[in-house]
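Chemist: Take a look at the letters that make up each chain.
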Amino acid sequence: MSSGNMNLTLKIWRQKNASTAGKLITYQVADISPDMSFLEMIDVLNEQLIQKGEEPVAFDHDCREGICGMCSLYINGRPHGPKYGITTCQLHMRSFNHGDTIIIEPWRAKAFPVVKDLVVDRSAFDRIIAKGGFISVNTGSAKDANNIPIPKQNADEAFEAAACIGCGACVAACANGSAMLFVSAKVSQLTLLPQGKPERKERVLNMVGQMDAEGFGNCSNTGACEAECPKGISIENIARMNREFLVASLTKKEPKNSGGGAM
Amino acid sequence: MSGNKGLLKSSVAKKVVMGLTGLFLITFLIVHAGVNALVFLNDGGQAYLKAASFMGTNPLIRAMEIVLVLGLLIHIIDGIMITAQNRKARPIAYHGKGASANSTWYSRSMGILGLLLLLFLIIHSAHFWIPNRSNQFATGHEIDLYERMKFIFSHIWVVGIYVGGCIALAFHLLHGFKSAFQSLGLNHSKYNPMIKTVGMLFAILCPLLFALMPISMYFGFIQ
Amino acid sequence: MSVLDSKIPEGPLDQKWTTYRSTVPLVNPANKRNLEIVVVGSGLAGSSAAATLAEMGYKVKVFCFQDSPRRAHSIAAQGGVNAAKNYQNDGDSIFRLFYDTIKGGDYRAREANVHRLSEVSGNIIDQCVAQGVPLAREYGGLLSNRSFGGTQVQRTFYAAGQTGQQLLLGAYSALQRQIGLGNVQMFARHEMLELVTIDGVARGIIARNLITGELEKHFGHAVLLCTGGYGNVFFLSTNAMGSNVTAAWKANKKGAFFANPCYTQIHPTCIPVSGDHQSKLTLMSESLRNDGRIWVPKKKEDAEELRSGKKKPSDIAEDDRDYYLERRYPAFGNLVPRDVASRAAKERCDAGFGVNATGQAVFLDFQFNMKEKYGRAEATKKGISNPTDAQLKALGKDVVKEKYGNLFDMYKQITGVDPYEEPMQIYPAVHYTMGGLWVDYNLMTTIPGLYALGEANFSDHGANRLGASALMQGLADGYFVIPYTIGAYLSTEVSRMSAEKGKSDSIDKLKTQHPAFDAALQNTQAQIHKLLSIKGTKSVDYFHKKLGKVMWDKCGMARNAEGLKVAIKEIQAIRDEFWKEVRVTGEANELNLELEKAGRVADFLELGELMCMDALQRNESCGGHFREEYQTEEGEAQRDDAHFSFVAAWENKGNGQFELHKENLEFKAIKVAQRSYK
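Residue numbers (the working numbering), protein chains in the order written: chain V, 368 to 630; chain Y, 11 to 233; chain F, 570 to 1247.
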């Protein structure tokens, strides 16, 4: 932990676009305050690059308060850097020391192709949600909210699963590039709630099907996803999804004619 | 996508198959370790041979042996498929190395450990199972496995290989045992600590028991 | 003089919406399939509108600049969403929510819109729960509520400190469902850069594909701007880095009036600025004010010693602490509305009582309630008769952790200080903009076919928004208002379409082939080219920071005529410098974050001036707009209802010229009074 300002060596992945190869380029930054966030430190580097007429490092970020899930840097071999339970934007430079070398890479997975530098395409997640990460209820058809009492424990567990910010750190951390934690968090949230029961079988089958089609790897229960998840999503959700998947595969009848999202 | 096709093809199904075959192989390990442990009675191999002969001749057990081989094959093929797909899922590797902060090395190395175990298994089968079954096939009689053990385990490098195999097995089990439960969806905060403890004990004790046989024989603790 | 027709339905206030809904023209299902709607922005308003319109059968296209619709900044709202459900049996009602919102907005909002908002608030909760949004619950399984600043009932529904996230993910999943069904086409990483109008009617947009840099033409029978607020004009705000005014501003240039731009909400509880490197400010949920007591030292010497680090907060004796909100506003205490709390903090800091190195911070202290409120209650529950101070703290800490754990962790992460041990330091920061595109009762702007929803419009919060009302408004507009009101316009489009059916050059045949699209595209291309060709010496951020400082100093929490006049001059100078000196690296046909920023800052540089002009013309203080010349002797905001009870809607005449139009506000259902929280 550092208290004074520091000088750092940064090795950053630069890649012009999806079709060109990339490589690590070394940069120096000086006089970095420990109160800066990690992204503000990159802002400093970028300002420096612009002054030199070079192209700044492209990286995804938006809310910078740890909730939008957009920031996605793989820092010194770990998604969102050396601390647990936070996103890159919440990582502050007081976690580093003067003279450190920091390797910054994009998320790496076949399903998350690099767009440019540290920016990757995570639209695979959206496509998985589109396959079943919802409850099919049209606006205006809802009953009074208190008509469905939900045990606090279920509501809390569903909330914990729903806290996922879709950043993809689970995929980035996983030795196999698996998206099981992300998918299982949504499956769990909706399975735990009575509103989600009617569609539970189609949901899990369709979402897992899409996950596989996107080219994510297989889960081998290393637990890296859970350890690196900035929102502390538990791999209990993966077990729940495995259960749901098994039951659904073994008991689901073929629909007479496919409608809704069951294709 | 239809449900049944999903079961056979999907990544979750592969995990389930892995877990199921893994647990099945664990039951084999228990029996195998149990029978072998009889050598520690130090009765010149009498009890052990009796048990081994029962295992080698009982028709039901023999039938199970086919299932066992099948189970092993499925476990291996499934493992190869999973590993191949996982490699494809990350075409470009990271430069930064920090995985030790989020997972154990052996949980990330199940494929390599499995490969080591397979190599060991080939050697081990070549030592005992293949000669015994071929002898049975040729003569109708089993060979004296106890004598064979004593002979095989008289070479230090063989003992080394066996101890190495047992260490690989220990780490494979250390992750595999609890992982199988997770894959089958058997995860519950009430029972997780128990699964974890039992798994750890088994992963250490079972290979230890196996490793003690060649060691004891080599050093002559067992006559 | 007014050209503004707010189209408020006739009839008694509480019947207007019901009557409207049953009389508004409908579009038949077969025609809906032929009607295309462009939705820009995928936050609460955008996602909910897009999903609902798609469910109804319209063909919808959604655009967002982020990589996924789920990232819109609605996601960062922490505290909660209001609804007049009266589940707590504490006397809440539709009227009371309506009344609180009008009063909280300092009587500068439109009655009919606010009443409608209040009427549909309950439906929002029903809809979200049906979608599987895990709102907080009591042990009995029913929904839980908490109270929020500016109200005396518990009507705020919440999901820990992540209510915005959960509501947005609910709307997002509804949207994803429609995408999966093929009813919505999603364009992520696309930014709207121009509105296309044909004969003064909105017909589509020009959007830049942010990955390839390609400019795309998209046709729509109606265009919905759900693009959020413009708080980033201040550079430092609690908005996301990408939040911008570009879509709304381009619309303003094409004829959509911009209303009340000077109404900016400064949120009282943000983490103070730590240095020049600061890129954004982080909000600490207002719900913390339920249990945190705000104070500064009574003695200046103490404040000085706190600033220099010679004293710690715990060194200041209880009697030497000034709980200034409790002192000034005994009835509401720490729960006064945001504008009041913010100004009070500024007043104390300006008077020299600020507590951090910059002198721009006050304490938000949990020790008292941790021990006395929660600790003691827990001790009683557990039957501990004479609890020690340490016991009380330990017991209370668990309760506080349960309620605010994630916020406390976040605070510690950012500042390195543990708020369980030391009080938080907070200071006001720009948070929300009540102003926005002027819309009528149908949410339509002054351009036919162009709508503005959520924070992007001006309609419901007057001069100050109450806590937990932004989520309510975004979802009300998207789920329950626009699906009805858009029918009023689209039914006329259906008639037009059938009248023009045979014409070979009809708009519906030509769509993006219409020359207006090419002209708009060329304009956009020209601006991009211009930005890239300046090749000056200063980065985009340099100008943005410079603008932000002028805005914060002269058009921030307190404004005066003198300062605003100076600010206008300064902004004009920054703008001139920008167009001569800005350096935008990279090229047009690639992912180019600097180019994106440059376009946004160029628009902020124009908006900033308009905000100052608006603040200058409004010779009164109301809500988030505090003119130093207009205050009571006690330093409270002084409205001038006789002269300023109107909405200021600005027409862009081009070349920096604006014309002010006024929509007079009439209050029939409630009595306009001096806002008092004493």
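Calculated from the structure, these hints are not laboratory results. Hints should not be assumed to be uniformly reliable.
Said to hold, decoys possible - Using 20 angstroms as the maximum straight-line C-alpha spacing, the simulated EDC-like pairs for lysine to aspartate or glutamate come out as follows:
#1 Y/K107 / V/D467
#2 Y/K200 / V/D398
#3 Y/K98 / V/E581
#4 V/K383 / F/E1156
#5 Y/K200 / V/D402
#6 V/K564 / F/E1156
#7 F/K981 / V/D488
Stated by the list, open to error - Examples of chain F residues lying across from chain V (beta carbon under 8 angstroms, computed):
#8 D636
#9 R639
#10 A699
#11 A743
#12 Q745
#13 M979
#14 V986
#15 T1081
#16 Q1082
#17 H1083
#18 N1158
#19 E1159
#20 L1162
#21 T1201
#22 G1204
#23 Q1207
Using N, Cα and C, we set each Cβ at its ideal position, and we do this for glycine too.
Chemist: Confirm or reject each hint.
Modeler: Taking the hints in turn, this is what the structure says about them:
1. Proximity of Y/K107 to V/D467 is assessed by CA-CA distance (about 15 angstroms); at most 20 angstroms being required, the pair is judged to hold.
2. Our distance criterion of 20 angstroms between C-alpha atoms is broken by Y/K200 and V/D398, whose separation comes to about 51 angstroms.
3. Distance check on the hinted pair: Y/K98 and V/E581 sit about 12 angstroms apart at the alpha-carbon level, within 20 angstroms; holds.
4. Simply put, V/K383 and F/E1156 have alpha-carbon atoms about 12 angstroms apart, close enough for the 20 angstroms limit, and the pair holds.
5. In summary, the hint linking Y/K200 to V/D402 is not supported, as the alpha carbons are separated by about 42 angstroms, beyond the 20 angstroms threshold.
6. Taken as a hint, the V/K564 and F/E1156 pair is broken in the structure, with Cα atoms around 50 angstroms apart against an allowance of 20 angstroms.
7. The straight-line distance between the Cα atoms of F/K981 and V/D488 is roughly 32 angstroms, outside the 20 angstroms bound, and the hint therefore fails.
8. Because the beta carbon of F/D636 sits about 6 angstroms from the nearest beta carbon in chain V, less than 8 angstroms, this interface hint is met.
9. With its C-beta approaching chain V no nearer than about 6 angstroms, F/R639 sits inside the 8 angstroms limit, and its interface hint holds.
10. Given the 8 angstroms rule on beta carbons, the hint for F/A699 holds: about 4 angstroms separates it from the nearest Cβ of chain V.
11. Residue-level restraint check for F/A743 holds (minimum Cβ-Cβ distance to chain V is 6 angstroms; threshold 8 angstroms).
12. For F/Q745, the suggested interface contact is upheld, since its CB lies about 4 angstroms from the closest CB of chain V, less than 8 angstroms.
13. Interface restraint check for F/M979: the shortest CB-CB distance to chain V comes to about 7 angstroms, inside 8 angstroms, so the restraint holds.
14. Taking 8 angstroms as the C-beta cut-off, the interface hint given for F/V986 is violated, the closest approach to chain V being about 11 angstroms.
15. At a threshold of 8 angstroms, the smallest CB-CB gap from F/T1081 to chain V is about 24 angstroms, leaving the interface hint violated.
16. For F/Q1082, the interface hint is violated, since its Cβ never comes within 8 angstroms of a Cβ in chain V; the closest pair sits about 29 angstroms apart.
17. Taken as an interface hint, F/H1083 does not check out: its beta carbon lies about 31 angstroms from the nearest beta carbon of chain V, beyond 8 angstroms.
18. Because the smallest distance between the Cβ of F/N1158 and any Cβ of chain V comes to about 10 angstroms, over 8 angstroms, the interface hint for this residue is violated.
19. The closest approach between the C-beta of F/E1159 and any C-beta of chain V is roughly 7 angstroms, which is under the 8 angstroms cut-off, so the hint is satisfied.
20. A distance limit of 8 angstroms between C-beta atoms decides the matter here; for F/L1162 the minimum to chain V is near 6 angstroms, and the interface restraint holds.
21. Violation of the interface hint for F/T1201 is found here, the shortest Cβ-Cβ separation to chain V being roughly 36 angstroms, above the 8 angstroms cut-off.
22. Taking 8 angstroms as the C-beta cut-off, the interface hint given for F/G1204 is violated, the closest approach to chain V being about 32 angstroms.
23. Residue-level restraint check for F/Q1207 is violated (minimum Cβ-Cβ distance to chain V is 35 angstroms; threshold 8 angstroms).
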